[in-house]
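Listed below are the residues making up each chain.
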Amino acid sequence: MTLAQRTLDPRPAHSAPAARPERGHLRLEGVTKRFAGDVNAVSDVNLDLERGKLLGLLGPSGCGKTTTLRMIAGLLPITSGRILVDDDDISLRPPHQRDFGLVFQNYALFPHMTVAENVAFGLDMRRVPKAEARRRVAEALELVRLPGYGERKPREMSGGQQQRVALARALVINPRILLLDEPLSNLDAKLRDEMRREIREIQQRLGITTVFVTHDQVEALTMCDVVGVMSGGRLAQIGTPEDIYERPASLFVADFVGRTNILDCEVLNGHRVRLGDGVYSCAATTIRPGKAKVAIRPHRINLTPHRDRALLSTSTNSAEGRVLRTTYVGDIVQYDIDIGGPTLQVETPTHGRGLAVAVGDKLLCEWRPDDMLVFER
Amino acid sequence: MAVSETSLPLADAPTATARAKVFPVVPVALLAPMMLVNLIAFILPVAQLVRISFLEGSGGVLTDTTTIGNYVDFLTDAYYLSMIWNSVLLAFVVTVLTLLCAYPIAMFLHTVSPRWRNLLFVMTISPLLVSSVVRTYGWMVLLGDQGLVNNMLVGMGLIASPLRLVNNTLGVVIGLVEILMPYMALSLIAGFGRLDASLSEAAASLGAGRLSRFRRVTLPLTLPGVALGCLLCFVLSISSFITPKLLGGGRVFLLATEIYDQAVIQLEWPLAATISVAVLVLFGFALAVYSNVVRRFD
Ligand SMILES: Nc1ncnc2c1ncn2[C@@H]1O[C@H](COP(=O)(O)OP(=O)(O)OP(=O)(O)O)[C@@H](O)[C@H]1O
Ligand SMILES: [Mg+2]
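These protein sequences, in sequence, are chains A and B.
Just so we're aligned, residue 1 is where the first sequence starts under full-length UniProt numbering, counting upward by one.
Just so we're aligned, residue 1 is where the second sequence starts under full-length UniProt numbering, counting upward by one.
Bear in mind the hints are in silico, worked out from the structure with no lab data behind them.
Since we're looking at a predicted model, the values are computed, not measured.
All C-beta atoms in this analysis are idealised placements derived from N, C-alpha and C, irrespective of residue type, glycine included.
Any given hint could be a false lead.
What the hints assert, rightly or not - The following residues of chain B were derived to be distant from chain A, with all beta-carbon distances above 12 Å: (1) Leu36; (2) Val37; (3) Ile52; (4) Met123; (5) Phe192; (6) Leu199.
Claimed, not checked - Label-pair restraints from in silico Cβ distances: (7) Glu142/A - Leu211/B: 27 to 37 Å; (8) Phe35/A - Met123/B: 24 to 34 Å; (9) Glu156/A - Gly250/B: 53 to 63 Å; (10) Met123/B - Glu142/A: 45 to 55 Å.
Given only the sequences and the hints, what does the whole structure look like? Please build it.
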């Protein structure tokens, strides 16, 4: 029904929650959290998030994403550092005075209230007059495409619907900042994809500064203006999705975001490395000669049949290899290719006929030096 | 898709009804022992009780004459009417006080770190390990004129002469509240188990202060536990007779103590049976109120 509505009707105009681009500049300065037991769950996190931007906090389980988000929300006291919103130090302010919208992984809808009562809760707390509250609740429910669901109880809704109610409840109070903790992790792949789009669209339309915690790198790259990759409580890198993917600052980021070949190598000088039997050009590096690691994205490697050798340009790395294994994934085919020592994983899109490759075939792998990144071991 | 949706239930319907008609052997077999015990230890005695309450008797001798005279006597006697009222009032006061004492304990146990929770939980219910008779004697020692409480208060110069803390209704209330607290705490802790900590946090993020969070989220969600604890305490407090007897010093007259006196001392079994049935009716009311509250919140 929602789907039909969406394709048939043009989206109705919403007057509220109104866009508030003039507020919501979030800054974290050296934010640190140490739990009893001397482990730093979060260490020295610095970030500066412009108004209206969507920040994705990405990282493996236990790296401190939730802890960071809870500190921003005020649900956890910070051990040291400062949190500023619009240059206003809110580090010590209790959560109910921060005016942030929060969406939990488990939605945390009040089970004893109807959907409308849930959404109206924040307005009640702000003593918004009944009539206005009713109107804003209806608008918020429309915003998340659940008009007319107000009288239901949360347990009578599907996971995706509950998730949208939680979003409406957080948005209706017109928060300075929206905080989302893995809001999509309980949804199936298709619904998650749909919700990603919806959240991003609502976020952009309202121009609301948002922090979005996820451990799904596709989510982070596709939705966010800025991605912060966390590792062991630290912010390993923060930048645009393109920065993170194309210019990872560390081996960890290269490995965590997107698929990549990580191989042992030996740096010969600032732009050449030895990999197995071959010597290749790499992206400029300041790492001193000696043992190191290189990262090459599998889909940045081009496969050509052996006989086309003459076509090769000199500025491209090329290595002769033997196919060890092929895996058909659907949109791509993965090949494991032995290039005389290390094994490269290569991905090529499947379009129509493609390369007829069998295990044992000899092929030529080519890649640009810029796609060969060198990192400390 | 539409085809399968409409045809599936139709195809399933005959099997479903057929299954429902089969005699549920396993459930009945599993329930049988309990049903037998209940029949012998509960249903039959209660039936017997009801029968005796309709018999005429005098001086410890039961006759075969059926009468409703026992009920008429009981319900027209101002002494017994005030006794019903006193018992209900006392049970009510005890229940409310027990709730007020136990709720913060349950709330604390819910928020305390899991490391301490188990220990504190065991400590909370550990009084159950000691017989309530022993605990009542303990209270007699503590609350007496020369007891610890009075000696301390007099010794500190707060009062000139000992307070009358025992052999009156106050003593009974103090004793019952302490004795019933573990039951209340257990019910409340069960109620708190359903409370997800993130709900309170969500309320906080929406602007609810401590008090609003308690009033709008914590309390409503723990209400089923509160209702259960109150039902238990109310019923246990009306039916308790050792504590009122010992701490009331023979000056507090309640339904339970009266049943005991009539049945064991006066040997007026028909009257004792009649009062017992009246207590059962009271329990029925309490149960009705309880299920009403629970239904509203579930
Ligand atoms: N209350 C706590 N007491 C002690 N340690 C904690 C507490 N909460 C979290 N931690 C620790 O802090 C670290 C970061 O936890 P956090 O929940 O922030 O991880 P996360 O990145 O959100 O992981 P996930 O993706 O699994 O949700 C973990 O090592 C965790 O064990
Ligand atoms: Mg988390």
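To see whether the hints hold, each was checked on the structure:
1. Leu36: Non-interface label stands for Leu36/B: nearest chain A Cβ at 38 Å, farther than 12 Å.
2. Val37: 37 Å, holds
3. Ile52: At about 46 Å from chain A, Ile52/B clears the 12 Å cut-off, so the statement holds.
4. Met123: 23 Å, holds
5. Phe192: 14 Å, holds
6. Leu199: 5 Å, violated
7. Glu142/A - Leu211/B: 27 to 37 Å: For Glu142/A and Leu211/B the Cβ distance comes to about 32 Å; the hint holds.
8. Phe35/A - Met123/B: 24 to 34 Å: 26 Å, holds
9. Glu156/A - Gly250/B: 53 to 63 Å: 58 Å, holds
10. Met123/B - Glu142/A: 45 to 55 Å: 52 Å, holds
The structure is inconsistent with hint 6 alone, although it conforms to all the rest.
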